[in-house]
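Asker: Which chain is which? The protein sequence lines are X and U, in order.
Just so you know, we're using the working numbering here: the first sequence kicks off at 1 and counts up by one.
Just so you know, we're using the working numbering here: the second sequence kicks off at 1 and counts up by one.
Don't take each hint at face value.
Which copy? The list can't say, so a pair holds if one copy fits it or any two copies do.
[Unchecked claim] With a straight-line cut-off of 35 Å between C-alpha atoms, the simulated DSBU-like cross-links for lysine-lysine are: (1) 480 <-> 123; (2) 493 <-> 307; (3) 548 <-> 123; (4) 330 <-> 254.
Honestly, the hints are just simulated from the structure, not real lab data.
What follows is each chain in one-letter form.
There are 2 protein chains.
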Amino acid sequence: MRMSRLFLRTLRDDPAGADIASHRLLLRAGCIRQVASGMYAWLPVGQRVLAKVAQIVREEMDAAGAQEMTLPITQPLELWERSGRNDDYGPLMFRLEDRKQVKFCLSPTAEEVITTIVAGELKSYRDLPVNLYQINWKYRDELRPRFGLLRAREFLMKDAYSFHVDVDDLRRTYQDMFDAYSRVFTRCALTFRAVEGESGEIGGDINHEFMAMAEIGEDDIVWCQKCDYAANAEVARRKSEQHDGGSADAELEKVHTPGMPGIMAVAQHLGTPEGELLKCIAFHLDDGVGLALLPGDRELNEAALRKAVAPRTARLFEDDDFAAHPGLVKGYIGPDATGVALVIADPLVSAPHAWVTGANEKDHHVRNAALGRDFSVAEWADLVAVVPGDPCPSCGSPLSIDRGIEVGQVFQLGTKYAEAMGALYTDEDSEQHPMVMGCYGIGISRIVTAVVEEHHDELGIAWPSALAPYDVHLVAITGKGKATGEVSEAADKLYDELTAAGVSVLYDDRDASPGVKFADADLLGMPTRLTLGAKGVARGVVERRNRKTGADDELPLDGAAEALRG
Amino acid sequence: MRMSRLFLRTLRDDPAGADIASHRLLLRAGCIRQVASGMYAWLPVGQRVLAKVAQIVREEMDAAGAQEMTLPITQPLELWERSGRNDDYGPLMFRLEDRKQVKFCLSPTAEEVITTIVAGELKSYRDLPVNLYQINWKYRDELRPRFGLLRAREFLMKDAYSFHVDVDDLRRTYQDMFDAYSRVFTRCALTFRAVEGESGEIGGDINHEFMAMAEIGEDDIVWCQKCDYAANAEVARRKSEQHDGGSADAELEKVHTPGMPGIMAVAQHLGTPEGELLKCIAFHLDDGVGLALLPGDRELNEAALRKAVAPRTARLFEDDDFAAHPGLVKGYIGPDATGVALVIADPLVSAPHAWVTGANEKDHHVRNAALGRDFSVAEWADLVAVVPGDPCPSCGSPLSIDRGIEVGQVFQLGTKYAEAMGALYTDEDSEQHPMVMGCYGIGISRIVTAVVEEHHDELGIAWPSALAPYDVHLVAITGKGKATGEVSEAADKLYDELTAAGVSVLYDDRDASPGVKFADADLLGMPTRLTLGAKGVARGVVERRNRKTGADDELPLDGAAEALRG
Numbered sequence: 001m002r003m004s005r006l007f008l009r010t011l012r013d014d015p016a017g018a019d020i021a022s023h024r025l026l027l028r029a030g031c032i033r034q035v036a037s038g039m040y041a042w043l044p045v046g047q048r049v050l051a052k053v054a055q056i057v058r059e060e061m062d063a064a065g066a067q068e069m070t071l072p073i074t075q076p077l078e079l080w081e082r083s084g085r086n087d088d089y090g091p092l093m094f095r096l097e098d099r100k101q102v103k104f105c106l107s108p109t110a111e112e113v114i115t116t117i118v119a120g121e122l123k124s125y126r127d128l129p130v131n132l133y134q135i136n137w138k139y140r141d142e143l144r145p146r147f148g149l150l151r152a153r154e155f156l157m158k159d160a161y162s163f164h165v166d167v168d169d170l171r172r173t174y175q176d177m178f179d180a181y182s183r184v185f186t187r188c189a190l191t192f193r194a195v196e197g198e199s200g201e202i203g204g205d206i207n208h209e210f211m212a213m214a215e216i217g218e219d220d221i222v223w224c225q226k227c228d229y230a231a232n233a234e235v236a237r238r239k240s241e242q243h244d245g246g247s248a249d250a251e252l253e254k255v256h257t258p259g260m261p262g263i264m265a266v267a268q269h270l271g272t273p274e275g276e277l278l279k280c281i282a283f284h285l286d287d288g289v290g291l292a293l294l295p296g297d298r299e300l301n302e303a304a305l306r307k308a309v310a311p312r313t314a315r316l317f318e319d320d321d322f323a324a325h326p327g328l329v330k331g332y333i334g335p336d337a338t339g340v341a342l343v344i345a346d347p348l349v350s351a352p353h354a355w356v357t358g359a360n361e362k363d364h365h366v367r368n369a370a371l372g373r374d375f376s377v378a379e380w381a382d383l384v385a386v387v388p389g390d391p392c393p394s395c396g397s398p399l400s401i402d403r404g405i406e407v408g409q410v411f412q413l414g415t416k417y418a419e420a421m422g423a424l425y426t427d428e429d430s431e432q433h434p435m436v437m438g439c440y441g442i443g444i445s446r447i448v449t450a451v452v453e454e455h456h457d458e459l460g461i462a463w464p465s466a467l468a469p470y471d472v473h474l475v476a477i478t479g480k481g482k483a484t485g486e487v488s489e490a491a492d493k494l495y496d497e498l499t500a501a502g503v504s505v506l507y508d509d510r511d512a513s514p515g516v517k518f519a520d521a522d523l524l525g526m527p528t529r530l531t532l533g534a535k536g537v538a539r540g541v542v543e544r545r546n547r548k549t550g551a552d553d554e555l556p557l558d559g560a561a562e563a564l565r566g
Numbered sequence: 001m002r003m004s005r006l007f008l009r010t011l012r013d014d015p016a017g018a019d020i021a022s023h024r025l026l027l028r029a030g031c032i033r034q035v036a037s038g039m040y041a042w043l044p045v046g047q048r049v050l051a052k053v054a055q056i057v058r059e060e061m062d063a064a065g066a067q068e069m070t071l072p073i074t075q076p077l078e079l080w081e082r083s084g085r086n087d088d089y090g091p092l093m094f095r096l097e098d099r100k101q102v103k104f105c106l107s108p109t110a111e112e113v114i115t116t117i118v119a120g121e122l123k124s125y126r127d128l129p130v131n132l133y134q135i136n137w138k139y140r141d142e143l144r145p146r147f148g149l150l151r152a153r154e155f156l157m158k159d160a161y162s163f164h165v166d167v168d169d170l171r172r173t174y175q176d177m178f179d180a181y182s183r184v185f186t187r188c189a190l191t192f193r194a195v196e197g198e199s200g201e202i203g204g205d206i207n208h209e210f211m212a213m214a215e216i217g218e219d220d221i222v223w224c225q226k227c228d229y230a231a232n233a234e235v236a237r238r239k240s241e242q243h244d245g246g247s248a249d250a251e252l253e254k255v256h257t258p259g260m261p262g263i264m265a266v267a268q269h270l271g272t273p274e275g276e277l278l279k280c281i282a283f284h285l286d287d288g289v290g291l292a293l294l295p296g297d298r299e300l301n302e303a304a305l306r307k308a309v310a311p312r313t314a315r316l317f318e319d320d321d322f323a324a325h326p327g328l329v330k331g332y333i334g335p336d337a338t339g340v341a342l343v344i345a346d347p348l349v350s351a352p353h354a355w356v357t358g359a360n361e362k363d364h365h366v367r368n369a370a371l372g373r374d375f376s377v378a379e380w381a382d383l384v385a386v387v388p389g390d391p392c393p394s395c396g397s398p399l400s401i402d403r404g405i406e407v408g409q410v411f412q413l414g415t416k417y418a419e420a421m422g423a424l425y426t427d428e429d430s431e432q433h434p435m436v437m438g439c440y441g442i443g444i445s446r447i448v449t450a451v452v453e454e455h456h457d458e459l460g461i462a463w464p465s466a467l468a469p470y471d472v473h474l475v476a477i478t479g480k481g482k483a484t485g486e487v488s489e490a491a492d493k494l495y496d497e498l499t500a501a502g503v504s505v506l507y508d509d510r511d512a513s514p515g516v517k518f519a520d521a522d523l524l525g526m527p528t529r530l531t532l533g534a535k536g537v538a539r540g541v542v543e544r545r546n547r548k549t550g551a552d553d554e555l556p557l558d559g560a561a562e563a564l565r566g
């Protein structure tokens with residue numbers, strides 16, 4: 001493609017409102033343009049990258065035995081009401097009505113539609129398993145669209161759905177998909193981890209998130225450097241030991257802590273390490289009140305608390321809630337407060353400690369509170385947020401925490417959707433059962449963001465070969481003198497030879513300065529830059545630069561196309 | 001692909017509500033399933049056809065110098081208000097609001113969005129021309145979705161938009177697109193005609209529709225068997241000659257025609273050919289009333305009338321309208337009726353005639369009405385609908401009329417959108433002008449319907465090679481006896497060899513009767529069927545049948561894969 005004809009305008013300066021490198025660079029390199037908040041047009045250069053990612057995903061899905069199809073983007077809302085997910089999604093879903101007031105949504109995923117279709121087509125255990133996927137635009141009406149493609153409202157996703165006679169069969173396909181995903185992200189040159197994940201609106205039991213490691217990632221990933229353990233921080237665990245609380249030697253002693261409702265102030269005032277304070281966090285538990293206990297130097301993992309009390313629901317107290325519960329003194333709650341239906345504690349609280357904790361009285365704490373003597377715990381559960389250095393739940397080695405971008409997720413769904421949509425099969429004994437399902441998503445447009453986050457420098461993007469819009473960026477330095485025609489001619493010839501050799505070339509044939517051309521080449525980020533000027537033509541060589549490493553060398557013009565055929 | 005694993009259920013019987021062959025067969029062959037009225041899921045077999053059509057379109061667009069991109073499906077309604085097309089589309093467009101009450105539509109086309117983007121990127125005559133396209137889902141909220149994919153509410157379309165400095169440059173790209181379209185439809189094995197078309201909601205001056213010839217088509221196509229002339233019936237013309245009305249010999253004579261407001265009854269009653277009657281059709285013309293005159297044996301082409309009186313607007317009288325206009329007697333209007341602002345007539349009315357026409361009095365007509373003596377005409381225009389045998393406007397030969405499916409349309413748009421969205425360029429003298437635009441659509445999913453309409457028989461679909469889901473349908477007739485394993489083994493081997501040779505194969509490895517397998521092969525319609533049974537294995541041959549011609553022959557098993565590599 002000749003740049004003089006390419007629909008591309010690069011931007012010299014960082015666009016306003018683009019906070020992360022990938023968003024800035026994708027705009028500057030003319031890959032995308034915003035049309036509305038969180039909705040983007042893919043311009044020709046970006047389109048080529050998007051298509052390459054989609055093709056890699058398609059190839060790996062096909063190789064894993066999944067079958068491609070396309071489902072409507074506009075889906076009858078009635079199906080979503082049947083599964084209960086219309087409520088689950090709430091304002092996150094775009095909804096509309098047709099001219100006859102029939103309600104539709106714009107698909108965020110497609111479990112309901114595909115399950116309904118499969119229910120209509122397949123009836124017997126002999127028809128299963130089947131694994132179906134599509135690559136299509138998806139929609140989420142995000143409250144705060146941001147970071148360009150990372151949190152967009154319209155995005156390209158591969159979604160697959162598998163149907164099975166039982167969980168064992170599901171697990172085989174789940175593993176196949178897991179492996180296929182690993183191949184996809186490897187081919188896309190992403191540094192990634194598969195981690196235990198949260199299921200979100202999809203539901204389901206076991207699931208893994210594929211995280212591209214990136215400082216700007218929206219998720220914290222806990223991982224062990226020694227073993228395979230890795231999990232989203234929301235569901236990450238630490239190795240914990242249950243103790244019996246130890247002996248209670250010193251007597252309980254009330255101390256005056258005026259105007260010190262916070263852990264840090266009390267610790268400083270009393271000269272006690274924060275880890276010796278006992279944090280008592282009040283929460284609503286269905287109709288009652290609960291207290292969550294943890295050491296003062298740890299934070300509560302709210303997702304862990306919710307999971308620990310399920311199927312009961314937990315919601316943390318807000319400031320207004322204390323007025324209705326006089327037994328709970330905000331900032332001075334003790335583990336033995338009155339009117340509490342459930343005391344739940346992290347196992348860290350079971351280790352021998354002489355705790356400093358609230359006295360259930362304004363401006364007062366107590367020292368030397370002892371588990372078993374001064375307070376008791378009804379339930380034990382992992383409640384603390386994991387921090388770096390915590391012991392790995394699998395091997396006990398220190399855990400690390402990094403940030404990542406979720407680029408894929410695989411779920412073992414069980415029978416939730418099959419039951420809601422009536423997807424039943426008949427077994428060998430003519431008995432009917434709901435199909436067991438898995439679902440598997442890859443964020444195609446999100447991968448583009450993650451790739452740019454990982455593969456860029458201060459000059460621009462450095463596309464990995466598999467995703468580069470073009471293999472080669474050919475820069476003709478035509479100058480102003482009599483050599484102009486000669487260089488143009490040689491560059492045209494090289495362009496034709498490369499194209500004929502199957503090398504895709506972006507050919508900068510514009511009437512622009514070398515500085516402008518080199519800056520654009522660095523910004524656009526093709527893996528190989530070829531530069532041809534008057535001296536090179538005279539010597540019969542073309543300069544080659546590796547965009548990633550910056551390494552330069554020369555190739556004889558004669559045979560350059562063959563050499564680059566790769 | 002082994003049929004035992006393919007997500008496919010064929011239907012023995014015609015599905016209810018499918019009125020045309022393509023709809024019936026696409027459902028029966030498991031290509032598509034309806035999810036909501038006018039919205040379809042593409043199952044794996046159909047998906048493969050859709051993808052092949054899309055790829056042909058992509059290749060021809062790229063070869064013609066168009067650049068692929070993707071525009072959002074959800075588009076800000078504000079852009080459509082700016083162009084005035086929000087009103088033009090009315091209830092045909094799906095509209096929705098996001099959580100912040102910002103209004104969007106689901107794209108029926110994308111002139112507004114692409115013009116806005118181009119306006120932001122290109123500023124100079126040096127940047128033009130540029131031709132941009134996308135292949136993406138489009139939406140029309142049809143009042144009566146029907147005929148399956150033919151009038152669907154969600155459909156896959158290729159839409160291209162070109163931008164130019166002037167009309168001459170536009171015409172070059174228009175011709176390139178015209179030629180590319182011809183190649184696309186030829187590769188899709190469609191019998192088609194490019195005809196002069198109506199512009200519909202898009203607007204614009206010159207445009208052509210590409211019509212796939214089909215009895216079930218929704219459009220009438222007028223075409224000349226001698227020359228190149230072809231047009232949609234709505235805009236078709238006939239060669240017409242202007243006369244002076246001839247002499248008026250016989251005297252005007254009033255006749256009693258009680259209860260005969262129709263042409264046929266009067267003609268029979270008076271023994272006069274229908275062509276000797278003068279039809280006077282009343283219409284509203286802005287604030288006044290007009291009369292359209294044509295011979296009694298011809299029908300009015302309403303689109304021609306609208307065009308003839310433009311920019312004034314015409315709307316035909318309905319029954320209720322006559323009460324307010326006592327000078328116009330329903331069924332008995334004469335060309336000299338009172339209270340008429342404009343009399344417009346087809347040139348056929350100018351030929352010498354002694355007309356029978358209304359007497360402007362209930363139950364009465366007149367004989368011998370003569371142009372010039374008894375009535376006059378203010379404007380002449382082609383108003384009659386063309387009928388077969390009418391003279392071609394180009395060469396005078398008799399015209400034919402056939403039905404067609406619109407599969408593509410190309411428009412010369414002019415500056416309508418560039419002016420509305422501010423897409424201006426600066427010329428060599430630093431003066432600003434609006435860009436001149438063209439737009440070009442191809443109905444990808446519609447092509448699938450048109451192809452099945454043309455390529456099917458009573459047994460099922462007969463896909464043309466370029467679009468067939470698989471090249472070969474391999475049927476293994478395993479029987480029941482001891483030869484079963486031998487046939488399966490030979491068929492497996494042939495399947496592997498064909499696949500290795502790059503031939504795509506649908507392999508019927510199911511445990512089903514030969515009758516079921518052959519019926520499915522005929523229904524699904526791969527170009528070549530290979531049948532392998534015990535006798536064939538013993539003789540070392542496989543039977544080959546051409547789906548289209550029904551021709552049978554045999555191939556040696558040894559080398560069959562090579563022979564079919566094609």
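Asker: All hints are to be evaluated individually against the structure, with a verdict given for each.
Answerer: Evaluated hints:
1. 480 <-> 123: Cα proximity of residue 480 and residue 123: across copies only (25 Å, versus 74 Å in one copy).
2. 493 <-> 307: For residue 493 and residue 307, the Cα distance exceeds 35 Å both inside one copy (66 Å) and across copies (53 Å).
3. 548 <-> 123: Only across copies: residue 548 and residue 123 sit 33 Å apart there, 54 Å inside one copy, limit 35 Å.
4. 330 <-> 254: Within. Shortest intra-copy distance 17 Å satisfies the 35 Å Cα cut-off; inter-copy 105 Å does not.
The earlier numbered hint that this structure contradicts is number 2, and it is the only one.
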